[in-house]
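Letter 69 of the sequence shown, counting from 1, is numbered 69 in the numbering used here, and no numbers are missing.
Among the clues, some could well be false.
[Unchecked claim] The calculated label-pair distances, taken between Cβ atoms and stated as ranges, are:
#1 Leu152 to Met63: 33 to 39 Å
#2 Thr95 to Ser118: 33 to 39 Å
#3 Arg138 to Leu76: 18 to 24 Å
#4 Pro69 to Gln190: 21 to 27 Å
#5 Arg192 to His98: 22 to 28 Å
[Unchecked claim] Derived lysine-lysine pairs resembling DSSO-like cross-links, with alpha carbons at most 30 Å apart:
#6 Lys202 to Lys111
#7 Lys104 to Lys149
#8 Lys198 to Lys111
#9 Lys71 to Lys149
#10 Lys71 to Lys198
#11 Lys104 to Lys71
#12 Lys149 to Lys202
#13 Lys198 to Lys104
#14 Lys149 to Lys111
#15 Lys202 to Lys104
#16 Lys198 to Lys149
#17 Lys71 to Lys111
#18 Lys71 to Lys202
Calculated from the structure, these hints are not laboratory results.
All C-beta atoms, glycine included, are put in the ideal place defined by N, C-alpha and C.
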Amino acid sequence: MVPVGRRIGELRGEVVGHLGARRRIRQWIAIGFVLGLLIGAGGAAGAAALYWPEKDKPLKMTMREREIPVKAPSVLSGQTTFTAQGLTCGIEWITGTHAEHFAKGRLCRVKISIANNSLATVQVVNLEQRLVLADGTRLAMDLESMEIKRQLREFTLGASDTLVEDLWFDLPGNTTPTALLLRTNAEAPQGRADLPQKDWSKK
Numbered sequence: 001m002v003p004v005g006r007r008i009g010e011l012r013g014e015v016v017g018h019l020g021a022r023r024r025i026r027q028w029i030a031i032g033f034v035l036g037l038l039i040g041a042g043g044a045a046g047a048a049a050l051y052w053p054e055k056d057k058p059l060k061m062t063m064r065e066r067e068i069p070v071k072a073p074s075v076l077s078g079q080t081t082f083t084a085q086g087l088t089c090g091i092e093w094i095t096g097t098h099a100e101h102f103a104k105g106r107l108c109r110v111k112i113s114i115a116n117n118s119l120a121t122v123q124v125v126n127l128e129q130r131l132v133l134a135d136g137t138r139l140a141m142d143l144e145s146m147e148i149k150r151q152l153r154e155f156t157l158g159a160s161d162t163l164v165e166d167l168w169f170d171l172p173g174n175t176t177p178t179a180l181l182l183r184t185n186a187e188a189p190q191g192r193a194d195l196p197q198k199d200w201s202k203k
């Protein structure tokens, strides 16, 4: 017959052992829960970075034939950020799906990105954009070139959206552009993006 004291000690050990096992199980469950939260947060952050890139990083585009990069800082006009990205000048004529167009002087194409930084739509009026020439002249866009190349004169940009487009200008003679003046619309402030200098008469 097992002494009562010994039996009580054995039962106490079993109880303590069961309690310790249950405590360890709870600890492992808690650790697993925390690890799950961390992994989920990391995955969500990666997805957010993929689908919603940072607004202060303009879209990077491949340069086209004869196009040179523009390294001017972005222009903020109201809640809209304009970034000049590429410049091509000295173009004598262009073609579209249904027409061709010969320049009166020489055409210049400026590639820009437009980012809406607000949570509401914004009306962008491209007719407000101006190309500054070496003599200080402010040149409006060439509407026929814009039409042939299917570029918009005016449009609504969605909340937090970014759009890349070309602005076309017809420069007189062999004049060269020095800067691009950009604004969202007539009510928004205007900003200046300096353009790189090049002799476009040389192919």
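Violated hints - listed by number, lowest first: 1, 5
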